[in-house]
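Enquirer: Going down the list, the protein sequences come from chains A and B. Residue numbering for the first sequence follows the working numbering, starting at 1 and increasing by one per position. Residue numbering for the second sequence follows the working numbering, starting at 1001 and increasing by one per position.
Just so you know, these hints were derived from the structure itself, not from any lab. All C-beta atoms, glycine included, are put in the ideal place defined by N, C-alpha and C. Treat the hints with care, since some could be wrong.
Straight-line C-alpha distance at most 27 Å; calculated DSSO-like pairs for lysine-lysine [to be verified]:
| no. | chain 1 | residue 1 | chain 2 | residue 2 |
| --- | --- | --- | --- | --- |
| 1 | A | 326 | B | 1192 |
| 2 | B | 1079 | B | 1410 |
| 3 | B | 1098 | A | 99 |
| 4 | A | 42 | B | 1042 |
| 5 | A | 93 | B | 1127 |
| 6 | B | 1463 | B | 1410 |
| 7 | A | 417 | A | 450 |
| 8 | B | 1168 | A | 324 |
| 9 | B | 1127 | A | 42 |
| 10 | A | 99 | B | 1093 |
| 11 | A | 326 | A | 348 |
| 12 | A | 98 | B | 1099 |
| 13 | A | 311 | B | 1300 |
| 14 | A | 366 | A | 330 |
| 15 | A | 98 | B | 1079 |
| 16 | A | 311 | B | 1232 |
| 17 | B | 1098 | A | 98 |
| 18 | B | 1463 | B | 1192 |
| 19 | A | 300 | A | 330 |
| 20 | A | 324 | A | 300 |
| 21 | B | 1434 | A | 312 |
| 22 | B | 1434 | A | 127 |
| 23 | A | 300 | A | 9 |
| 24 | B | 1127 | A | 311 |
| 25 | B | 1099 | A | 99 |
| 26 | B | 1028 | A | 99 |
| 27 | A | 79 | B | 1093 |
| 28 | B | 1232 | B | 1073 |
| 29 | A | 98 | B | 1093 |
Selected chain A positions facing chain B (Cβ under 7 Å, derived; list incomplete) [said to hold, decoys possible]:
| no. | residue |
| --- | --- |
| 30 | 26 |
| 31 | 33 |
| 32 | 34 |
| 33 | 38 |
| 34 | 67 |
| 35 | 83 |
| 36 | 92 |
| 37 | 95 |
| 38 | 125 |
| 39 | 126 |
| 40 | 137 |
Protein chains: 2
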Amino acid sequence: MIKNDNFTKWFDDLLLEANILDNRYPVKGFAVYKGWGSRIIKKIINILENELESTNHEPMMFPIVIPEDSFAKESDHIKGFNSEVFWITHAGKRLMSKKLLLRPTSETAIYPLFAYWIRSHADLPFKMHQTVSVYRYETRATRPLLRMREFIWNEAHTAHENWAEAEKQVEESVRIYTRVFECLALNYLVLKRPDFDKFAGAVFSIAFDAWNPDGRVNQIGTIHNLGDNFAKAFDITYEDTEGNHRNVIQTCYGLGLSRSLAALIAQHGDDHGLVIPPEIAPVQVVVVPITYKQINEEVKIYSREVYMVIKKMGLRVIIDDDEKTKSVDKFYKWERFGVPVRVEVGPKDLAKRCVTLSERIGLKRKIVRLDEVAYTIQELLTNITEHLRKKSQKNMQLMIIEANDLDSVKKIIMSRKIAKMSWCGRNECAEIIKAETRGGEIRGHRFDRKEKPQNRCAVCDQKAVKVVYIAKSY
Amino acid sequence: MIKNDNFTKWFDDLLLEANILDNRYPVKGFAVYKGWGSRIIKKIINILENELESTNHEPMMFPIVIPEDSFAKESDHIKGFNSEVFWITHAGKRLMSKKLLLRPTSETAIYPLFAYWIRSHADLPFKMHQTVSVYRYETRATRPLLRMREFIWNEAHTAHENWAEAEKQVEESVRIYTRVFECLALNYLVLKRPDFDKFAGAVFSIAFDAWNPDGRVNQIGTIHNLGDNFAKAFDITYEDTEGNHRNVIQTCYGLGLSRSLAALIAQHGDDHGLVIPPEIAPVQVVVVPITYKQINEEVKIYSREVYMVIKKMGLRVIIDDDEKTKSVDKFYKWERFGVPVRVEVGPKDLAKRCVTLSERIGLKRKIVRLDEVAYTIQELLTNITEHLRKKSQKNMQLMIIEANDLDSVKKIIMSRKIAKMSWCGRNECAEIIKAETRGGEIRGHRFDRKEKPQNRCAVCDQKAVKVVYIAKSY
């Protein structure tokens, strides 16, 4: 498994070999999340839901089906999603009187209920979230985790008294997602999308585009200010302090869990397999008793003692004492699974009341006295996430290359990098770029910092208004 | 809200008033789980998943759609479910080349992958689980939580070398579900279903039928031994130690999360609202500062101190210091939500460095010194679940009435109770009962204990082979 030789093959092989996902499900774009993959996703969900609930987003669960008439209420929204929804037309042998669709996103499922729940200014802000799968009939080539027809995400929806409150909510959501992605040690660009690429029904959209080793970007999160577009369509009003009825202003945001897992694998993984930050790792430490063919009872007992020391630290630790598998195969397995720390316990370790620690990132081993194990493991774990984040950041910086003309943009995209250029703001130039680079898209300008264009538009040489990033996407 | 006057109205009102579920979603049989309901369900999921994973069931997530040809492979299975599946026929404007259905249960989604994963005896036993929603086009009247077209459950699927191993798995699954239901303090009958009522494709089925105040039973869990029926249909084989290829023997079991929540509400709730065992309660203790119109800063500070004492115990505690709501309204609210312990902190409490504790079950209040708060709350919480379990058990026992003839069975069912009778084992008698009682069903005989018939069949007076329980069901 050489990551740099053929990233796509490395990625797909690893999904199967590390028990992440099996892509052999007999429906295109649908796959099975296996044990290790499910566990990592659940850890990410926990972190995200804690962040959302500690900022007063109520957890809810809405139905998966949306009736046709609700779906059709916001005109831009239906235009954007109509071509990619799955339709339920029959139940048993009966033709249904009202067609249903599988949610591609849940605005039109949720907002009819907002109209019941929101009555007065005292009900605002109203904030909810749900972790669910959504369904989009993707016509481009599907890719495991990265572009599926069924994918797992968390979506949050909020309603506010006015634009200023909604804007504050946008800021809060950026902070929430940033904290979650920090635990995953991910790097990405936070971009305000150009108007032609905003969410169907939104006033504007912000996105988190994670870098991928193949030069494509992976949208792991999006945040939308919906203004009163949906409030008008679904008649969501509140009575203000003066007794006037007004439409609420709404925001919504989604964090892709399948895609965050993809980014985690793609940004941190190496030729030995997954590398997982301790916050997310289903198993943080694995203890492997070294038994040299025959079972050494004393080593077994000592391994158990070591296990208990680590368990008492409150860490997620397991002991792999399966006697049918050779120690070296266990080492490879847990490296492939990305467990941050391995503790080997053999007869020599026992003799000296030591253990041999091996850390996943550098694969460096060191012998540590049992009474120093807790301290040393703690120290190792503390540095991993920051180390991964910095390494990934460096890789992202190397991937972004400035361009001053169309030819450079073309070369950058063709060499699987991200181009940065000044842009006049016109759709025509975006279309030229897309055609010339065979799919490179203007992904937007930085939301998290101001970047003033120093040059003229790299395509048309007219006055530039934005510094934008160009990449192919999943 | 008088529970005994009109159970159905009490139940439906409480769902809305305690933020459990909103039934106004514009598709029949589909509803919205609100904040408090979602939180309780997640607690139940955590307990269940921990039990399953500590007994080596791998967590997985399978697609929601099943292709028509997989669904049709096991002939009894398709016969049983064909009339109640939702069909996806179109994507965007295109007619799909292969129709898909929403899973009504996941055997036919999962077992094609079992055929890839299971190769040799070393792969067995194979045990997995997933927590998902399933979809059944229920033609009977739908009821919130109890009978929905979309409902949440956890399903586990296992494969074994032989019948004896599968039977051991059935026993383990009964123990797992029993432990989960213990945390919920639920009472139920564990019944082996008559042949005519077993799961479509199973050799036999066992079910957990929880009692409901309206005399109907609520099936909260089922366990099936599938024998090699699905293994043959999906070609799931393994190589045994002698090199022979054999079909695996399978079991599967499902625990209804929507229905367990319904049972929790129905069995324990009272005229004041929900009553929730502490293991499941999203909030175990609520601290309410009593502020008599104006804000008393000292009471506020003292409440915070009390809150910290309880927080340090590791309990899920909140402080309700919303200044717009009167204390008495807060009391009613948290009683309705079923929070096990309320801690009132007023100026008098402050003066004596006491607090006033109120426990949800008996609504009894007592004044306790701050330095005894931790101990007293711990003691209160320890007894609640056992108390609820016993109270519910007594109610169930009062509900089960023995019958020796058809007329008595009829009277028992009409008076909203569960009948217990001796049965000859013939379908004809089951059909007579159903017709005469307008829907009363033979639910099966006890699986968890032997009951020998002392009488002849209550319907036909022939020799009885089983003692069975009869009830209407959801």
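Enquirer: Of the hints stated earlier, which fail here?
Expert: 1, 2, 5, 13, 16, 21, 22, 23, 37, 38 and 39
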